[in-house]
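Novice: Residue-level listing of the chains:
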Amino acid sequence: MTVEAMAEPPPARADEPPVLVGRGVTKRFGATTVLAAADLVVHRGEAVAVTGPSGSGKSTLLHCLAGILAPDAGEVRLTGERIDGWSEARRTALRRERLGFVFQFGQLLPELPAVENVALPLMLGGVSRREAVGRAAQWFAPLGLTGLEQRRPGQLSGGQEQRVAIARALVTGPDVVFADEPTGALDSETGLRTIELLTGLAARTRAGLVVVTHDAEVAARCHRTVVIRDGRTIAGVRA
Amino acid sequence: MRLLRLGGRRAWSAAGLVGAGVAVATTLLAVALGALHGLDARESRTGWRTPAAASPEETPMALLRARTDQVAGRALEQIDLVDPRPDAAPPPGLPRMPLVGELWVSPALADLLRTLPAGELADRYPTATPAGVLGEAGLTRPDELVAVVGRPAGDPVLTAPGPSDVVPVGSFDRTEADTTVAGIYRQLTYVAVALMVVPIASLLGASARLTAARRVERLATLRLLGASTRQVTVTAVAEVTAVATVAAVVGVAAQWLLAPALAHISIAGGGWFAADLRPSPLVSVAIVAGVAVLATGAAIGGLRQVVVSPLGVARRQQPQHARLIRLLGLVGGLAVFWIAIVASQGGPAAVAGLIFGVGVLALFGSVSLIGPLIVRVLGRSMTGRARSVPALLAGRRLLDDPKGAFRPLAGLTLAVFVAGFLAPLTTVIAGEVGADDGVLVLQAPAAQADRVAAAASARLATLGVAARIGPVTAAGGPGGTAETGVSAETGVSAETGVSAETGTTAASGPASPGNPGNPDGSGARGTEDIVAVPVLPENPADRDRVRTALAPLTPGSLVLTRAEADDEEIVLVEDLRRGTLVVLVATFLIAATATGTAAAARVLDHRRPLRLLRLAGTPLAMLDRARWAETVLPLLVLGGVALALGLLCASPFASAVLVFSPSGLGLLGGVLVAGVALVAATSAASRPLLRSVTAGPGRED
Ligand SMILES: Nc1ncnc2c1ncn2[C@@H]1O[C@H](COP(=O)(O)OP(=O)(O)OP(=O)(O)O)[C@@H](O)[C@H]1O
Ligand SMILES: [Mg+2]
Chain B
34 MTVEAMAEPP PARADEPPVL VGRGVTKRFG ATTVLAAADL VVHRGEAVAV TGPSGSGKST
94 LLHCLAGILA PDAGEVRLTG ERIDGWSEAR RTALRRERLG FVFQFGQLLP ELPAVENVAL
154 PLMLGGVSRR EAVGRAAQWF APLGLTGLEQ RRPGQLSGGQ EQRVAIARAL VTGPDVVFAD
214 EPTGALDSET GLRTIELLTG LAARTRAGLV VVTHDAEVAA RCHRTVVIRD GRTIAGVRA
Chain C
2 MRLLRLGGRR AWSAAGLVGA GVAVATTLLA VALGALHGLD ARESRTGWRT PAAASPEETP
62 MALLRARTDQ VAGRALEQID LVDPRPDAAP PPGLPRMPLV GELWVSPALA DLLRTLPAGE
122 LADRYPTATP AGVLGEAGLT RPDELVAVVG RPAGDPVLTA PGPSDVVPVG SFDRTEADTT
182 VAGIYRQLTY VAVALMVVPI ASLLGASARL TAARRVERLA TLRLLGASTR QVTVTAVAEV
242 TAVATVAAVV GVAAQWLLAP ALAHISIAGG GWFAADLRPS PLVSVAIVAG VAVLATGAAI
302 GGLRQVVVSP LGVARRQQPQ HARLIRLLGL VGGLAVFWIA IVASQGGPAA VAGLIFGVGV
362 LALFGSVSLI GPLIVRVLGR SMTGRARSVP ALLAGRRLLD DPKGAFRPLA GLTLAVFVAG
422 FLAPLTTVIA GEVGADDGVL VLQAPAAQAD RVAAAASARL ATLGVAARIG PVTAAGGPGG
482 TAETGVSAET GVSAETGVSA ETGTTAASGP ASPGNPGNPD GSGARGTEDI VAVPVLPENP
542 ADRDRVRTAL APLTPGSLVL TRAEADDEEI VLVEDLRRGT LVVLVATFLI AATATGTAAA
602 ARVLDHRRPL RLLRLAGTPL AMLDRARWAE TVLPLLVLGG VALALGLLCA SPFASAVLVF
662 SPSGLGLLGG VLVAGVALVA ATSAASRPLL RSVTAGPGRE D
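Read top to bottom, the protein sequences are chains B and C. Letter by letter, the first sequence follows residues 34 to 272 of the working numbering. Letter by letter, the second sequence follows residues 2 to 702 of the working numbering.
Chain B with its partners taken away, still in its complex shape (with noise of 0.2 Å):
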């Protein structure tokens, strides 16, 4: 890993307050602490890689910051309101408007056209078909996928599948994109592609990034990388 190999300066403004804040997060399954108090600052534009050994808890605090999981103790804002109290139902349409997402595979809906895929979120957030579709077909030629937009998921490479995903999460222009092993499924070369053209273009959109990853390469490619270590954030290396 070389810091040399980073294409572009952080574009992190320190007078900007941070997109989402997570301080002192806790989480207990039952009698185990998984996360003891991790904290973990994201700023516009900036990607943060996070990373630790397996079953350290990275999926966990991901979860949290992203209001899928209610943490024990702590608190989580976004944009400076806080989110960890909110009901349910007030998470969810959070994590529809708002933020974004990127898994390890099989996120596609196997029926329909990647483009359509794409499109989904903004249906949902009551953008008419017509308009979402069309802003939908926008993202394929900066992710390299022109000319597969009525392409259905599984006539698409894992790679090609992955950039659709990486629309879809933006698709919605939220403050924060997540994206928990995104290279996990994929070739070393293919993954370094992908993760490149995920932080280009989350800065390019001015979203937070969390990309959580035990590939050493791939953290790289962020601008900073958190390590989880015995439930708690060690600060990495800062580009």
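Please note: incorrect hints may appear among the correct ones.
[Said to hold, decoys possible] Partial pick of chain B residues on the chain C-facing surface, computed with a CB cut under 7 Å:
no.: 1; residue: S120
no.: 2; residue: R123
no.: 3; residue: T125
no.: 4; residue: R128
no.: 5; residue: F136
no.: 6; residue: L145
no.: 7; residue: G159
no.: 8; residue: R162
no.: 9; residue: E164
no.: 10; residue: V166
no.: 11; residue: L234
Derived by calculation from the structure, the hints in this document are not laboratory data. Just so it is clear, CB atoms sit at the ideal spot from N, CA and C, and this is done for glycine as well.
Following the hints, complete the assembly by docking chain C with the ligands onto the known chain B.
Specialist: Same frame as chain B, but now just chain C with the ligands:
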């Protein structure tokens, strides 16, 4: 099985779901085959009533005439044995040949003889005391009313007018009976079995698909561990086969246990001996084996659709298209159906059912061709105009796999078509047969009609029974009796064509009257003009008294109302209706199970994208509405198209007025609505499954 054990509770519950579906289907199949067995058993029990005729050179054991009398509102089979040879081999259920003057009765009739006044029943027979009771071997059902009467040579029974023939008995041993009505029932049952086999096969397919869906992840693990696709397939298929076999055994056992309850279902005039409704052991084994084979085939087919990669991704190939060329198949199938129906109308009754069956089979083909096409067109239009996410998801799903969406509904579509076809027809037939007007008909030779009418009123006057005795006119004009009320009443019967007829009184009956080739005794019948003397008891409760009292006036003949004389046909119409409903209910049950299973399989198939969509903020209700639309809309559209086609095909045989008569379609409509609700409910039943597999960030199973 090892996989089952590995899978823990969830695998068991999935197996339970599959097993329950297969068991239900097997039970229904066993019920249908049991009905065939029951019909066979009935025929072997009653074949002696339509015995083999003696050849002209041999001396018959007796002359037999079998007719249907009525008592207490029930059919009473009356078998007259004229000039029986005492040493001849008796019919089944009798210890010896009845002697002249003897009366043998079924247990139920023996009860009636004890309870009813002699003037209502016993006086019809030469003796009030039965010589003995018929055994079960000679009865169709425990409560059947049968009277066997020994009569002297030359008894008037031989020459009395009526639809049935006198048979010189060569032997009571009758392996194959050829009564037309029995044949129609048998063929209708074949149609019913065929109607059920298709949905059962589709249910098995859905079950296998569910099992495969449950297994994808686990099979992927096996693949990762180095098992070949072949080994993986064999394991999964073996599991489905094992579950299906156990379930089939349970299903057959359930039918066996249900037989006493099923025996109460009235077909062809009454219930059954429970034992007759149980398929033979050999057939039972064949059912289990057949279901196991079907399940295995369906499982292989289901697994082939899922290409399991070691990463556990179930990839589908190209979307399957239903081509427009299928329309040609529909046209062809409908044409064959039509020709078959027209042919069966003109042809002899014995093969009508068979031809009708061929027509239905032709429809199978066209329905399974056209069904996916309709689903695809529906999917296309839904997709095209979808504004909401649920509509888009449902439309895409239908467009993506029209065959898969159609399969669980195939049997139902066909059953709705047949029901739509039969409903107006049974209404028409029922309309032709008419209701019971209560007018008893004495059939007398024209020359004696006046004497008979006079004797009848004298006799009824002695008994103190009030009755109107109608005009004995050759034409149907108003009668000349003093009582005006009579002429009105008999006017009704005259309109229905009763009042003046020749020997071909029951020309509309199912059997042809006055057999000209009859070698013995009935030469007088058909040559002499017979007229009807209508008698209307003022009090309907007097009917049995009146007919018992008046029977001796026209020796040997039965005194029945026109509707009672047509009893067999009325019963057949009722049975057609009942049978249609039973088959419809059964196919709805199967379709509901199949749709429910298919819905569950789809949820499991897509649990990963569905769960991730939910994590990303898609409300559960949205996914649920999509599932609802993709099940209920095709059901409604296919059902509607099938019903319309059925009514259309029936329209040449039934006028539109009759089609929309409330009695014909009310019940059918009720069953359709209830069935759609049931199917919708079972598809909704997978909602908890959807909720649980998409809940939380946890790993899937
Ligand atoms: N729903 C749950 N119930 C109980 N324990 C859980 C649950 N979810 C996670 N855990 C436990 O919490 C710990 C952290 O899990 P998590 O999925 O966050 O790890 P991770 O760092 O993402 O690991 P990996 O790199 O393997 O994905 C693990 O020990 C796991 O067993
Ligand atoms: Mg993880």
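Novice: None of the hints should be skipped; say for each whether it holds.
Specialist: Evaluated hints:
1. A hinted interface residue such as S120 of chain B counts as satisfied when its beta carbon comes closer than 7 Å to some beta carbon of chain C; here the least separation is about 13 Å, so the hint is violated.
2. Interface hint status for R123 of chain B: violated, as the beta-carbon distance to the closest one in chain C is roughly 11 Å, over 7 Å.
3. The interface hint given for T125 of chain B holds, since its Cβ lies 5 Å from the closest Cβ of chain C, which is under the 7 Å cut-off.
4. Evaluation of the R128 of chain B hint against chain C yields a held restraint, the C-beta minimum of about 3 Å falling below 7 Å.
5. Because the beta carbon of F136 of chain B sits about 5 Å from the nearest beta carbon in chain C, less than 7 Å, this interface hint is met.
6. Residue-level restraint check for L145 of chain B holds (minimum Cβ-Cβ distance to chain C is 5 Å; threshold 7 Å).
7. Using the Cβ-Cβ criterion of 7 Å, the hint placing G159 of chain B at the interface with chain C is not satisfied: the shortest such distance is roughly 10 Å.
8. Of the supplied interface hints, the one on R162 of chain B holds, with its beta-carbon coming within about 6 Å of a beta-carbon of chain C, less than 7 Å.
9. The beta carbon of E164 of chain B comes no nearer than 11 Å to any beta carbon in chain C, farther than 7 Å, and the hint placing it at the interface is violated.
10. Using the Cβ-Cβ criterion of 7 Å, the hint placing V166 of chain B at the interface with chain C is not satisfied: the shortest such distance is roughly 10 Å.
11. Checking L234 of chain B against chain C: minimum C-beta separation of about 17 Å lies over 7 Å; hint violated.
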